[in-house]
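**Q** Same order as they appear, the protein sequences are chains A and B. Numbering follows my numbering, with no gaps: position 43 of the first sequence is 62. Numbering follows my numbering, with no gaps: position 42 of the second sequence is 221.
Since the hints were made in silico from the structure, they are not lab data. Beta carbons: idealized from backbone N, C-alpha and C, even for Gly. The reader is advised that the hints may include incorrect statements.
To be verified - Facing chain B, from chain A, some residues (calculated, C-beta under 10 Å): (1) 23; (2) 56; (3) 79; (4) 83; (5) 109.
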Amino acid sequence: KAGVTQTPRYLIKTRGQQVTLSCSPISGHRSVSWYQQTPGQGLQFLFEYFSETQRNKGNFPGRFSGRQFSNSRSEMNVSTLELGDSALYLCASSLEGAINQPQHFGDGTRLSIL
Amino acid sequence: EDKVVQSPLSLVVHEGDTVTLNCSYEVTNFRSLLWYKQEKKAPTFLFMLTSSGIEKKSGRLSSILDKKELFSILNITATQTGDSAVYLCAVGYNTNAGKSTFGDGTTLTVKP
């Protein structure tokens with residue numbers, strides 16, 4: 020079974036731009052969660068999608084948004100980028116969500132803001 | 180606010196040593212505690228614990244949960260250089276499916 024695939028692997032943007040990151044979950048997994056990982060803050064939960072609906076949201080500003088398609092693939096969008104958005108963005112998938120199953124992570128997208 | 184605290188933050192040991200990593204938590208609607216290993220890229224799943232006192236084992240790694248005292252430990256025996264990684268602890272929720280709250284991780288360095 021293929022793992023969680025995130026694209027692109029690396030991205031460099033400038034302040035004020037916007038960016039879209041993509042995540043393809045493991046086949047059959049319907050829950051996709053997004054996390055931001057920085058050296059200072061660790062892994063912070065952004066949001067989770069299940070069957071094309073956002074079920075949970077973390078404490079991030081509205082500049083961070085996402086969506087999920089009918090094939091469970093998910094995208095995350097960040098608008099009006101700030102220097103502090105530089106981070107590794109990780110996507111994780113599971114069958115039903117992280118209640119009874121562990122999440123499987125992709126390798127992440129490393130976003131650098133200049 | 181939910182909290183997951185790991186200790187120590189970093190640890191340096193020599194091959195063959197045994198290490199114990201700690202994770203304490205204060206969360207509402209606790210369902211499970213998970214351990215992940217993160218090397219250069221994606222965190223990889225190690226254990227999921229939902230019941231107190233039942234040890235989970237995989238090779239040289241083992242983990243146990245204490246739901247009364249709200250903590251878990253991860254033990255690694257006979258450490259090898261390949262065990263060098265960041266070990267992350269996370270909690271899962273009864274109601275917030277798909278969300279996990281992570282600790283800051285313990286960076287383990289195993290020297291030959």
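**Q** Confirm or reject each hint.
**A** Hint check results:
no. : hint : result
1   : 23   : holds (7 Å)
2   : 56   : holds (9 Å)
3   : 79   : violated (13 Å)
4   : 83   : violated (15 Å)
5   : 109  : holds (7 Å)
Checked against the numbered hints given earlier, this structure breaks hints 3 and 4; the rest are met.
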